[in-house]
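Participant: Chain residues, written in single-letter form:
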Amino acid sequence: MHGRPRKASKPEEEAASAAKAVKLRSLQSQFMTNHHDKIYTKEAIELSTKLLEINPEAYTAWNYRKLAVEDTLSRIESDPNLVNSIFDEELRVVENALRQNFKSYGAWHHRKWVLSKGHSSIGNELKLLDKFQRLDSRNFHAWNYRRFVVELTKRSEQDELQYTDDMINNNFSNYSAWHNRSVLLSSLLAQNADGFMPNEKIPDEYDFVHSAIFTDPDDQSGWFYHLWLLDQTLNVETPLLTSAWPSHGSTIILSGAGCLNSSSSKFTTFCSESGSFPLILYSDQAVGGVSSSTVTIDSELKGNEDLVWEPISNKNSQVSCVWVTHLKYVSSDPCEYKVKIRVGNSPGIISSRGYNFSAPYEFVFTAHVHDTVEDSQEGIVSWTDGFDIWDAKSKDLKSLVTLDRLEAEIDFEWRQEAIDSEVECFGILADSKIGKLTLARLLMAREVMVSDDAVKGVRYEEILQLYNELMALDSSHYQYYKDEHSVAFLHKVTSSSESLSRHLFRYRGMNNLVCLRLNNLSLSRIASVKKLLFVQMLDLSHNELHSTEGLEAMQLLCCLNLSHNRIRSFSALDSLRHVKQLKVLDVSHNHIGKHSVDTTRYLCSSPLSNSEWSQDGVGRQNPGLVTKYWDAYFVLRDLNLKQLDIAGNEISGDEFSSFVLQVVPKLVWLDGQKLGN
Amino acid sequence: MADKLVADKHVRYILMAEKKKESFESVVMDHLRMNGAYWGLTTLDLLDKLGSVSAVSGGFAGNTGHDPHVIYTLSAVQILALFDKLSILDVQKVSSYIAGLQNKDGSFSGDMWGEVDTRFSYIAICCLSILKCLDKINVKKAVDYIVSCKNLDGGFGCTPGAESHARQIFCCVGALAITGNLHHVDKDLLGWWLCERQDYESGGLNGRPEKLPDVCYSWWVLSSLIMIDRVHWIEKGKLVKFILDCQDMDNGGISDNPKDAVDIFHTYFGVAGLSLLEYPGVKTIDPAYALPVHVINRILFTK
Numbered sequence: 009m010h011g012r013p014r015k016a017s018k019p020e021e022e023a024a025s026a027a028k029a030v031k032l033r034s035l036q037s038q039f040m041t042n043h044h045d046k047i048y049t050k051e052a053i054e055l056s057t058k059l060l061e062i063n064p065e066a067y068t069a070w071n072y073r074k075l076a077v078e079d080t081l082s083r084i085e086s087d088p089n090l091v092n093s094i095f096d097e098e099l100r101v102v103e104n105a106l107r108q109n110f111k112s113y114g115a116w117h118h119r120k121w122v123l124s125k126g127h128s129s130i131g132n133e134l135k136l137l138d139k140f141q142r143l144d145s146r147n148f149h150a151w152n153y154r155r156f157v158v159e160l161t162k163r164s165e166q167d168e169l170q171y172t173d174d175m176i177n178n179n180f181s182n183y184s185a186w187h188n189r190s191v192l193l194s195s196l197l198a199q200n201a202d203g204f205m206p207n208e209k210i211p212d213e214y215d216f217v218h219s220a221i222f223t224d225p226d227d228q229s230g231w232f233y234h235l236w237l238l239d240q241t242l243n244v245e246t247p248l249l250t251s252a253w254p255s256h257g258s259t260i261i262l263s264g265a266g267c268l269n270s271s272s273s274k275f276t277t278f279c280s281e282s283g284s285f286p287l288i289l290y291s292d293q294a295v296g297g298v299s300s301s302t303v304t305i306d307s308e309l310k311g312n313e314d315l316v317w318e319p320i321s322n323k324n325s326q327v328s329c330v331w332v333t334h335l336k337y338v339s340s341d342p343c344e345y346k347v348k349i350r351v352g353n354s355p356g357i358i359s360s361r362g363y364n365f366s367a368p369y370e371f372v373f374t375a376h377v378h379d380t381v382e383d384s385q386e387g388i389v390s391w392t393d394g395f396d397i398w399d400a401k402s403k404d405l406k407s408l409v410t411l412d413r414l415e416a417e418i419d420f421e422w423r424q425e426a427i428d429s430e431v432e433c434f435g436i437l438a439d440s441k442i443g444k445l446t447l448a449r450l451l452m453a454r455e456v457m458v459s460d461d462a463v464k465g466v467r468y469e470e471i472l473q474l475y476n477e478l479m480a481l482d483s484s485h486y487q488y489y490k491d492e493h494s495v496a497f498l499h500k501v502t503s504s505s506e507s508l509s510r511h512l513f514r515y516r517g518m519n520n521l522v523c524l525r526l527n528n529l530s531l532s533r534i535a536s537v538k539k540l541l542f543v544q545m546l547d548l549s550h551n552e553l554h555s556t557e558g559l560e561a562m563q564l565l566c567c568l569n570l571s572h573n574r575i576r577s578f579s580a581l582d583s584l585r586h587v588k589q590l591k592v593l594d595v596s597h598n599h600i601g602k603h604s605v606d607t608t609r610y611l612c613s614s615p616l617s618n619s620e621w622s623q624d625g626v627g628r629q630n631p632g633l634v635t636k637y638w639d640a641y642f643v644l645r646d647l648n649l650k651q652l653d654i655a656g657n658e659i660s661g662d663e664f665s666s667f668v669l670q671v672v673p674k675l676v677w678l679d680g681q682k683l684g685n
Numbered sequence: 597m598a599d600k601l602v603a604d605k606h607v608r609y610i611l612m613a614e615k616k617k618e619s620f621e622s623v624v625m626d627h628l629r630m631n632g633a634y635w636g637l638t639t640l641d642l643l644d645k646l647g648s649v650s651a652v653s654g655g656f657a658g659n660t661g662h663d664p665h666v667i668y669t670l671s672a673v674q675i676l677a678l679f680d681k682l683s684i685l686d687v688q689k690v691s692s693y694i695a696g697l698q699n700k701d702g703s704f705s706g707d708m709w710g711e712v713d714t715r716f717s718y719i720a721i722c723c724l725s726i727l728k729c730l731d732k733i734n735v736k737k738a739v740d741y742i743v744s745c746k747n748l749d750g751g752f753g754c755t756p757g758a759e760s761h762a763r764q765i766f767c768c769v770g771a772l773a774i775t776g777n778l779h780h781v782d783k784d785l786l787g788w789w790l791c792e793r794q795d796y797e798s799g800g801l802n803g804r805p806e807k808l809p810d811v812c813y814s815w816w817v818l819s820s821l822i823m824i825d826r827v828h829w830i831e832k833g834k835l836v837k838f839i840l841d842c843q844d845m846d847n848g849g850i851s852d853n854p855k856d857a858v859d860i861f862h863t864y865f866g867v868a869g870l871s872l873l874e875y876p877g878v879k880t881i882d883p884a885y886a887l888p889v890h891v892i893n894r895i896l897f898t899k
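Chains Z and Y supply the protein sequences, listed in that same order.
What the first sequence shows, in the numbering used here, is residues 9 to 685, in sequence order.
What the second sequence shows, in the numbering used here, is residues 597 to 899, in sequence order.
These are computed hints drawn from the structure, not numbers from a lab.
Worth double-checking, as some hints may not be accurate.
[To be verified] Residues from chain Y shown here face chain Z by an in silico Cβ test under 10 Å; the list is partial:
| # | residue |
| --- | --- |
| 1 | S619 |
| 2 | H665 |
| 3 | D686 |
| 4 | K689 |
| 5 | V690 |
| 6 | K700 |
| 7 | D749 |
| 8 | G750 |
| 9 | S851 |
| 10 | A857 |
| 11 | F861 |
| 12 | D882 |
[Unchecked claim] Some chain Z residues near chain Y, calculated using beta-carbon distances under 8 Å:
| # | residue |
| --- | --- |
| 13 | Q36 |
| 14 | Y67 |
| 15 | K74 |
| 16 | Y183 |
| 17 | S484 |
| 18 | G601 |
| 19 | H603 |
| 20 | Q623 |
[To be verified] Below, a list of computed lysine-lysine pairs in the DSS-like style, where the Cα atoms sit at most 30 Å apart:
| # | chain 1 | residue 1 | chain 2 | residue 2 |
| --- | --- | --- | --- | --- |
| 21 | Z | K15 | Y | K605 |
| 22 | Y | K681 | Z | K636 |
| 23 | Z | K125 | Z | K28 |
| 24 | Z | K441 | Y | K807 |
| 25 | Z | K441 | Y | K605 |
| 26 | Y | K855 | Y | K807 |
| 27 | Z | K323 | Y | K732 |
| 28 | Y | K837 | Z | K441 |
| 29 | Y | K834 | Z | K15 |
| 30 | Y | K600 | Y | K899 |
| 31 | Z | K209 | Y | K783 |
| 32 | Y | K807 | Z | K135 |
| 33 | Z | K500 | Y | K783 |
| 34 | Z | K18 | Y | K689 |
| 35 | Z | K139 | Y | K807 |
| 36 | Y | K689 | Y | K700 |
| 37 | Y | K600 | Z | K18 |
| 38 | Z | K602 | Y | K834 |
| 39 | Z | K441 | Y | K689 |
| 40 | Y | K879 | Z | K636 |
C-beta: ideal position from N, C-alpha, C; glycine also.
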């Protein structure tokens, strides 16, 4: 019980409490009679006043009072003095109740109800609010009520901003004031109000929040405000196209499902049974409206008018950073085609904040359609044998060059200066947790500011060192810093062709598939996927991953090795449902079935999150198993796997294996064994 | 220092509370008897002792005679779900009552008197989902309203512009989870805000910056972290220790912090928190519906 110390009650205390209880019981039952018999006499109302004085949480009494007021108003003449005195009484009762418990929802709402009837002066209300601020500057009921009064009386945002100035100058340790400030400021900035241009205001705000952070680095009041300022500094409103596959200037080889008669190790080969290949567009923020009218495709590949574009996202969302369509080709018609893509020609592509691309993007790639010679073999895919070193002269890594920001009005100067200035300031706090963390974030932020060629200039080693120090300094949040470390590490690996090619190989077993090996790197998190869209085979084995969050954009991925990680359930693999090319999956030696708590239970589309589902034969015959292995059921039935490894998990066993075989009837290899018919 | 969960003592505490109705503390909370029943009964089920309680009474007010409100309607539905007795409800009537409280902007009022709060959005969505009547409300607008309460720190408040608070965050994240809309949450931003609720000294969690740790946040912060898959960002062992330290080792019950008096509310949140931390001997609780997983799976996986 908040505020009530734990101690054995003495017999006198118990007797007093019982006596109070008897009084309260009698009040309550009398009140209930009045309420149910709709008695609104002066005495009855007075009784409810007494009740609410003792117990402001008796919500039915507040309801009763509203009914009593309405009843009284309906019976008196509309004499403004009389009406005012009735409302004044209500406000007095509310104030008394709040003195008892200034967090009473019922009391605050009753006051709003009275005010919405058009009573009391704003001066009175603001005075009352000042009183409560002094009692508790973090009382969110009071702050909410303040916003209510401001809205009702149309007080200006600038005046309210000044109020937060005063509150913060009085005591910087007032998160509620910083929060209110962020709401008001973001509104004024969005309106481009006088004196609220981002390039001037944001640097001013940095100076202002320094007082909070530098005075006491352990006080969190300014931390989140500073992070928001950083976000305002980095985030450009207009969306940008950051990568695509196939990328500008690249050459890809397309064929049918079988092997090619020649192995061209220089280019990426895409084999398809369906005779189509994906075209992927990756933006820096979620956008909607990507369609055949906003993306034009100029090519002689036949049958590609009115393409259907899909966002790679949750079913309930029509926006995404990643959009995909599939272009058709005919493999029995070998030829070379130039394909020109123009994105954002017409203003239909819009970010979730309502902005268009500032200018259209254009890129061109070449597609060689080759004839297939042999039938496709269904040999087992190995993760250890049959790999060739990446050709350093391979033209494929041109795909790393992300698209130029053509004519984007980004206005980098003030942003770059702000970051540089903050880096300098936070050097002073280099020994504190918030100092190191902010510095690491600022250094990472520089990545966004520089062009691709200069990305090598980003001080990745320093960032990684800062996260190592944080893991030691603030061990409670070890895993948070570990995740950030993994992200920075992957950004470093993908920052240049040289560093990335050290991890690339070609798999002979399947038409020289592009294979990226990121195994044994203590990775706890996946990142930089926008630079890895060309990868077809991914080895993430022997890491610390617990989810495949982020992999959904890798539309070319057909083989994935997640063995020896920390995957706890199939729900953690939900993102793979978007990777339609996936044929080979290894999740052996993980933690599936080991934990009772599923941390991705609601990040997986299923009936639990009210996703529509059609019951199939498996569901009808084995409802018990479907409930028991629900996540395996929903995830696996959406994949087209030919090869699966699940050994070495607590869930493994005959019951689970036979269930898997029912859910994935087209499976050819399970745990290294070829399946019979 | 407490090194284990004294489950039997908590069971006895809850059963005694049922009987000790004549103290002042009890009478003053008469109006939320329904919530108290839900907290007590769910805790018993988590500790595998639901069989020790018999039939349940109540309307959808906080207690007989009091006015109806969604807060108590949810507890009623949750209690019936626990006992697998949802069939005794007039589902049509209950769902219409809730659906009728949705406003034009997608928000929900708590009752006919019009108080709006994202708590009520969660309650409506949770309740209707259990009753399998979500289609009676405009889910898209409900989601839009919740998203409008998202703050620049990644958290959520009671109404648009209101400060982020762990209780509201649980409600908003829970509602988004149940309706399959977690893509609206910036999981990294909110995850960091939530993981910074952990107090270095005691290991307990507070509800917002610069506030004191309290056992009830072991539920609201923890379940939110679990729903967005960021729970590995806090130190679980330390939190377990904090909850155990809040037990009354002699009389049973759990309090908000080691020095305060125990109550059913915090007993529930303490045990529920331990469930999410995989404490041995405690059944798994669903982080969105705040009911045991076996109950939710039974309801939602049946066609």
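Participant: Each hint: holds or not?
Facilitator: Hint check:
1. S619: Hint holds; S619/Y Cβ to chain Z Cβ min 5 Å, cut 10 Å.
2. H665: holds (7 Å)
3. D686: Hint violated; D686/Y Cβ to chain Z Cβ min 22 Å, cut 10 Å.
4. K689: violated (20 Å)
5. V690: violated (18 Å)
6. K700: With a closest approach of 17 Å, the K700/Y hint is violated.
7. D749: Because about 4 Å separates D749/Y from the closest Cβ in chain Z, which is inside the 10 Å limit, the hint holds.
8. G750: OK, holds: G750/Y within 10 Å of chain Z, min 8 Å.
9. S851: holds (6 Å)
10. A857: Nearest chain Z Cβ about 4 Å off; hint holds.
11. F861: Hint holds; F861/Y Cβ to chain Z Cβ min 8 Å, cut 10 Å.
12. D882: holds (8 Å)
13. Q36: OK, holds: Q36/Z within 8 Å of chain Y, min 7 Å.
14. Y67: Status holds, d = 6 Å.
15. K74: Holds, because the Cβ-Cβ distance from K74/Z to chain Y comes to roughly 6 Å (cut-off 8 Å).
16. Y183: holds (5 Å)
17. S484: S484/Z check passes; min Cβ-Cβ to chain Y is 4 Å, inside 8 Å.
18. G601: Violated: closest Cβ of chain Y sits about 13 Å from G601/Z, beyond 8 Å.
19. H603: holds (6 Å)
20. Q623: holds (6 Å)
21. K15/Z x K605/Y: Given that 30 Å is the threshold and the Cα spacing comes to 17 Å, the pair holds.
22. K681/Y x K636/Z: Between K681/Y and K636/Z the Cα gap is close to 22 Å, so the pair holds against 30 Å.
23. K125/Z x K28/Z: Roughly 36 Å separates the two Cα atoms, so the pair is violated.
24. K441/Z x K807/Y: The hint holds at about 19 Å.
25. K441/Z x K605/Y: Distance ~41 Å between K441/Z and K605/Y Cα, so the pair is violated.
26. K855/Y x K807/Y: holds (16 Å)
27. K323/Z x K732/Y: Between K323/Z and K732/Y the Cα gap is close to 20 Å, so the pair holds against 30 Å.
28. K837/Y x K441/Z: This hinted pair holds, its Cα atoms lying about 24 Å apart.
29. K834/Y x K15/Z: holds (26 Å)
30. K600/Y x K899/Y: Roughly 40 Å between the alpha carbons, so the hint for K600/Y and K899/Y is violated.
31. K209/Z x K783/Y: holds (28 Å)
32. K807/Y x K135/Z: holds (26 Å)
33. K500/Z x K783/Y: holds (23 Å)
34. K18/Z x K689/Y: violated (48 Å)
35. K139/Z x K807/Y: holds (21 Å)
36. K689/Y x K700/Y: holds (21 Å)
37. K600/Y x K18/Z: holds (29 Å)
38. K602/Z x K834/Y: holds (22 Å)
39. K441/Z x K689/Y: violated (54 Å)
40. K879/Y x K636/Z: Within the cut-off at roughly 15 Å; holds.
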